[in-house]
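Given the sequences, and given the hints that come with them, work out the whole structure.
Residue numbers (UniProt numbering): 1 to 268.
The set of hints was computed from the structure by calculation and includes no laboratory data. Glycine included, every Cβ here is placed at the ideal spot set by N, Cα and C. Among the clues, some could well be false.
[As the list claims (entries may be wrong)] For each label pair, taking beta carbons as the anchor points, the in silico distance ranges come out as:
1. His135 / Asp41: 21 to 31 angstroms
2. Gly179 / Pro101: 20 to 30 angstroms
3. Thr44 / Leu268: 24 to 34 angstroms
4. Thr44 / Glu80: 35 to 45 angstroms
5. Pro101 / Pro73: 45 to 55 angstroms
6. Asp59 / Gly174: 11 to 21 angstroms
7. Pro101 / Asp6: 47 to 57 angstroms
8. Gly60 / Thr182: 27 to 37 angstroms
[Unchecked claim] Using 20 angstroms as the maximum straight-line C-alpha spacing, the simulated EDC-like pairs for lysine to aspartate or glutamate come out as follows:
9. Lys253 / Asp265
10. Lys253 / Glu88
11. Lys253 / Asp21
12. Lys253 / Glu122
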Amino acid sequence: MTDDADDRQYHLDVAPGDVADTVLLPGDPDRVDVVTDHWDDAETVAEHREYRTSTGIYDGAPLSVTSTGIGSPSAAIAVEELARVGAETFIRVGSCGALQPEMDVGDLVITTGAVRGEGTSEEYVREDYPAVADHAVVSALVAAAERLGYDYHCGVTMSTDSFYAGQAREGFEGFEAAGTETLLDDLRAANVKNVEMEASAILTLANVYGLRAGAVCTVFANRSTGEFRTEGEGRAAEVGSLAAALLHEMDEKCADAGADAWHADLSL
Numbered sequence: 001m002t003d004d005a006d007d008r009q010y011h012l013d014v015a016p017g018d019v020a021d022t023v024l025l026p027g028d029p030d031r032v033d034v035v036t037d038h039w040d041d042a043e044t045v046a047e048h049r050e051y052r053t054s055t056g057i058y059d060g061a062p063l064s065v066t067s068t069g070i071g072s073p074s075a076a077i078a079v080e081e082l083a084r085v086g087a088e089t090f091i092r093v094g095s096c097g098a099l100q101p102e103m104d105v106g107d108l109v110i111t112t113g114a115v116r117g118e119g120t121s122e123e124y125v126r127e128d129y130p131a132v133a134d135h136a137v138v139s140a141l142v143a144a145a146e147r148l149g150y151d152y153h154c155g156v157t158m159s160t161d162s163f164y165a166g167q168a169r170e171g172f173e174g175f176e177a178a179g180t181e182t183l184l185d186d187l188r189a190a191n192v193k194n195v196e197m198e199a200s201a202i203l204t205l206a207n208v209y210g211l212r213a214g215a216v217c218t219v220f221a222n223r224s225t226g227e228f229r230t231e232g233e234g235r236a237a238e239v240g241s242l243a244a245a246l247l248h249e250m251d252e253k254c255a256d257a258g259a260d261a262w263h264a265d266l267s268l
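Below, the structure is given as structure tokens:
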């Protein structure tokens, strides 16, 4: 559903030329400013519904940021419409709940793959299709976290459609959904690192469309220890921004070397 005159997208209100090849994807529109605070320059190019988009420069690399709202349905709309105006790489930057007891509030989780506990990606692919992060995006996120000196964990994320029942929290008046009494223990036993609400849909759509995606989230709560603090909100934004700049360098090195994909011999 686009405007045939200029291909302006129905939900995001962006058109070709508004966004860079790489787009960071926070959930909350207010986090767009948290992201762009780390940049050298930024300009708001669109604002419609939960979707707010800014484009600018970080460390010489052009990049954009678009808020997705809460959950995979709206995140999938963002990926769809951003891809239609030229975006090729997507990095979710957000917050999450940690599942492993050794993970601290304020730590980062870099997603290597995701359990598809949300329903949006099922509209696109069969249930056993994997949600996998792009290896170059993961490498850039790890390099960025190392350069910035932030504690991080790499591993599998679970994405859900519900902040409450889907993450084993009590609903209204103490309601407990079937299966929630063992959900977190089962995920811990499988070495799932964290739970959030958008990553698996973003990864799935990117893979289906031959695009790149990854995710980095700051731990706001540890579901094993019960600790909760909104600490380090800007860390995921900072790491995502630096990772986008590193990806820009990595892509140039790949092109110069005639390589089809980033690999360990192409050192930064």
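Hints, one by one, checked against the model:
1. His135 / Asp41: 21 to 31 angstroms: At 30 angstroms between Cβs, range holds.
2. Gly179 / Pro101: 20 to 30 angstroms: Holds, since Gly179 and Pro101 (Cβ atoms, about 22 angstroms apart) stay within the stated range.
3. Thr44 / Leu268: 24 to 34 angstroms: Distance hint for Thr44, Leu268 holds at roughly 31 angstroms.
4. Thr44 / Glu80: 35 to 45 angstroms: violated (21 angstroms)
5. Pro101 / Pro73: 45 to 55 angstroms: For Pro73 against Pro101, whose Cβ atoms are near 32 angstroms apart, the range 45 to 55 angstroms is violated.
6. Asp59 / Gly174: 11 to 21 angstroms: Violated: the Cβ-Cβ distance is about 49 angstroms, outside 11 to 21 angstroms.
7. Pro101 / Asp6: 47 to 57 angstroms: The hinted range 47 to 57 angstroms holds for Pro101 and Asp6, with Cβ atoms some 52 angstroms apart.
8. Gly60 / Thr182: 27 to 37 angstroms: With Cβ atoms ~49 angstroms apart, the hint is violated.
9. Lys253 / Asp265: Within the cut-off at roughly 10 angstroms; holds.
10. Lys253 / Glu88: Given pair Lys253, Glu88 holds - Cα atoms ~18 angstroms apart, limit 20 angstroms.
11. Lys253 / Asp21: holds (17 angstroms)
12. Lys253 / Glu122: Cα-Cα ~36 angstroms, so violated.
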